[in-house]
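All chains should be built: construct the whole structure from the sequences, respecting the hints.
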Amino acid sequence: MSVFAPAGMSVVQVKNLQRRLDNLSCEAIQELDRACGHELWRNLGFDAFDGLEDAERRARANYYYGQLQTVNELLEALG
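Per the working numbering, residue 54 is the first one in the sequence shown, and the count goes up by one each step.
Hints listed in this document are in silico derivations from the structure and should not be mistaken for laboratory results.
Errors might be hidden in some of the hints.
[Unchecked claim] Pairwise CB distance ranges, derived in the manner of DEER restraints:
{"hint": "1", "residue 1": "Gly90", "residue 2": "Val64", "range": "36 to 44 Å"}
{"hint": "2", "residue 1": "Arg73", "residue 2": "Leu97", "range": "34 to 42 Å"}
{"hint": "3", "residue 1": "Gln83", "residue 2": "Asp103", "range": "19 to 27 Å"}
{"hint": "4", "residue 1": "Val65", "residue 2": "Ala108", "range": "41 to 49 Å"}
{"hint": "5", "residue 1": "Asp107", "residue 2": "Ala60", "range": "24 to 32 Å"}
{"hint": "6", "residue 1": "Asp103", "residue 2": "Lys68", "range": "18 to 26 Å"}
{"hint": "7", "residue 1": "Ala112", "residue 2": "Glu92", "range": "31 to 39 Å"}
{"hint": "8", "residue 1": "Val64", "residue 2": "Asn96", "range": "29 to 37 Å"}
{"hint": "9", "residue 1": "Asp75", "residue 2": "Glu109", "range": "21 to 29 Å"}
{"hint": "10", "residue 1": "Gln71", "residue 2": "Tyr116", "range": "38 to 46 Å"}
In this text, a Cβ means the ideal position worked out from N, Cα and C, and glycines have one as well.
Take a look at the structure:
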C-alpha cells in the first residue's frame, strides 16, 4: 500500500480508506462467487453474468461487479 496522501488527507486517513476499500473488494468478490456459482467471472468479467437465468442473481452480480470496479479504480487512484 502506498503512503501517498491526497491533499487534505493524512497518511492514517488514506490507510483507513484503503483498508475499507479492501473490505468492500473482498465482499464484492465473495458475493460474485455466490451469485455466479463459480469463479469464471474472474476471467470472463461482465460477460459471465449474461448467462445467469435467475434475474435476482444477475442483478446481484451486476451490482457487486460495479462495486468491485469502483473499488479498483479508487485503489488505483490512491496508488
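For each hint, the structure was consulted:
no., hint, in the structure
1, Gly90 / Val64: 36 to 44 Å, "41 Å, holds"
2, Arg73 / Leu97: 34 to 42 Å, "28 Å, violated"
3, Gln83 / Asp103: 19 to 27 Å, "21 Å, holds"
4, Val65 / Ala108: 41 to 49 Å, "43 Å, holds"
5, Asp107 / Ala60: 24 to 32 Å, "45 Å, violated"
6, Asp103 / Lys68: 18 to 26 Å, "38 Å, violated"
7, Ala112 / Glu92: 31 to 39 Å, "20 Å, violated"
8, Val64 / Asn96: 29 to 37 Å, "35 Å, holds"
9, Asp75 / Glu109: 21 to 29 Å, "27 Å, holds"
10, Gln71 / Tyr116: 38 to 46 Å, "22 Å, violated"
In this structure, the earlier hints numbered 2, 5, 6, 7 and 10 are contradicted, and the remaining ones agree with it.
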